[in-house]
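Line order of the protein sequences matches chains A and B.
Residues in the first sequence are numbered from -3 upward in steps of one, following this note's numbering.
Residues in the second sequence are numbered from 38 upward in steps of one, following this note's numbering.
No lab work stands behind these hints: they were computed from the structure.
The reader is advised that the hints may include incorrect statements.
To be verified - Dumping the calculated DSSO-like pairs for lysine-lysine here, alpha-carbon to alpha-carbon at most 30 Å: (1) B:Lys94 to B:Lys44; (2) B:Lys185 to B:Lys365; (3) B:Lys94 to A:Lys32; (4) A:Lys32 to B:Lys44; (5) B:Lys185 to B:Lys146.
Claimed, not checked - On the chain A side, residues computed to face chain B include the following (Cβ under 10 Å): (6) Ile47; (7) Thr120; (8) Ser131; (9) Pro135.
Quick caveat: nothing in here was measured; it's all calculated off a predicted structure.
Where a beta carbon is used, it is the ideal one built from N, C-alpha and C, also for glycine.
Chain by chain, the residues run as shown.
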Amino acid sequence: MSIFHPMWLSIQLAAFTTVILILVGTPIAWWLSQTKTRWKPAVQAVVAMPIVLPPTVLGFYLLILLGPDGAIGSWWVQLTGSALTFSFAGLVIASCVYSLPFAVQPIQNAFESLPSQYLERAWTLGASRLDAFFSIVVPLSVRGFISGIVLSFAHTLGEFGVVLMVGGNIPGETRVVSIAIYDHVESLNYAAAHRMSLLLIGFAFIVLMAMFMLNRRWGAR
Amino acid sequence: MIRLRHKLNRGSFALDVDVEVPDTGITGVFGESGSGKTTLLRCIAGLEQLDGLPVHKRNVGYVFQDPALFPHLTVRGNIEYGARRATTHRVDSAPVVEMLGIGGLLDRKPNSLSGGEAQRVAIAAALLRSPDIVLMDEPLASLDRRRKDELLPYFDRLHDELAVPVIYVSHDIDEICRLCDHLILLEDGRVAADGDLFDVVSRVDVPMLSGQNAGVVLWATPVDHEEGLTRFDFGDGDIWAPGEFEVGRHPMRLRVAASDVSIVRERPSQTTIQNVIRATIEAVHPVDSATALVRLEAGNQNLLSQVTNRSIRRLGLAVGDRVFAQVKSVTVRH
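Extracted from the complex, chain A is given alone in its bound form:
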């Protein structure tokens, strides 16, 4: 089997996850950056939890939640007729949970470093909340968005434990590159493991370097 197939699946998973995380993570990051509620630390802790928890813990509860008898899983079965666990869709949901802090935190940091004067000026110049968000906040937070995109993409690409727990090892459906490497090592096929690992190392290097170069360019404005 081609070494590119698991790689392609990983990239698809990372791309879906990143798009969803930017859409979901941006409002969360905005809320966290603006709120004055005393619950903010609690919400922040929940968002940051995937950073410290072992992937097996997350994977375990996601397996239960997404399983045919779980709260989300049973609803999904009713909706589509198929189970979420051991499917690509299930992997996307699990990855979103797992990589959430990597999208939210850099974007939130960018939002928090914006002087509040910009927003107030934009409002007094006739911009509604939403208008000011897209015309002022987003362009001035580009670096945070780039970091959020690259980190959630790279982090999803590198995930292993959660995928193994929730997705298993189904070729073409859930057999992403990290699983495939584990598989090759288990069956002592070191040559194949090397090829995939080196591919992943090269890819990770290029992506991260691109991010830092972009950051430098935007930072130099």
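Keeping the supplied structure of chain A fixed, place chain B upon it in accordance with the hints.
What follows is chain B alone, placed relative to chain A:
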């Protein structure tokens, strides 16, 4: 007239203002820091009670102390930001750009501007929104003396050319005396006094306007020059002020601090003080145990003099007395 009516309770601070201001010209809001000047402006703009009418629907132009131009836009982008979102277009860009002298800056980015240039751009942006009222929150306070002097003439032009009413907050009474027509004095969130600038500053019973802040604004017409001074026609005499101003033009504003005016019974024959004006005592008001403010009437205008209670007693000064005011120094404002 525009009625400003705002109440706000913030624990240790309460704002309670109900006052009318003219719908033309510049209204100054003067007060110490913490008196609620900025809070009043923020209330008018809707920045304090965020549950009321949204800020962007209030049609106010707001000039903040810190220009805070949008760094990702050019100067042109910055001044067009409000214009593009304006619901009514009453203000054209070309005259505003010309008036504020920012024509040469349009393609620059905000981070390459000086503080004074950035503030001029911020003012242009606020004006091009075609606001019903312009709110200025100490627009000169973040600038050093030189930049301030550079910017003040642009404010003079605003004063002469602007059709919309302006509310101008400052803790610098000289700045207000130069630019404003109407004055609100704010103290602990309440209006201590308000009215025509010329009337309010000549009151003796307002504690905020005593000491360093005491002084009047006069109208006088320049009549001729001599040795680097300009002679202004005032009352039944003259006032000399440093500088050469265009003769016979419209009357100009002169600022005379109360500490620069002394009172003598007889016209002095030999003195270095050039301006000796015949005046009548209108009011005497003790400020503290040592000093008092005396209001004098001369040529249908008022002068304030800060004197000691001891001098009042020794000279036997009383309301109605005919005296001479010696004016040591005058600054020409406009």
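Here is how each hint holds up against the structure:
1. B:Lys94 to B:Lys44: holds, 20 Å
2. B:Lys185 to B:Lys365: holds, 25 Å
3. B:Lys94 to A:Lys32: holds, 25 Å
4. A:Lys32 to B:Lys44: The hint holds at about 23 Å.
5. B:Lys185 to B:Lys146: With a Cα-Cα distance of about 22 Å, the restraint between Lys185 (chain B) and Lys146 (chain B) holds, given a limit of 30 Å.
6. Ile47: violated, 31 Å
7. Thr120: holds, 4 Å
8. Ser131: holds, 8 Å
9. Pro135: Holds, about 5 Å.
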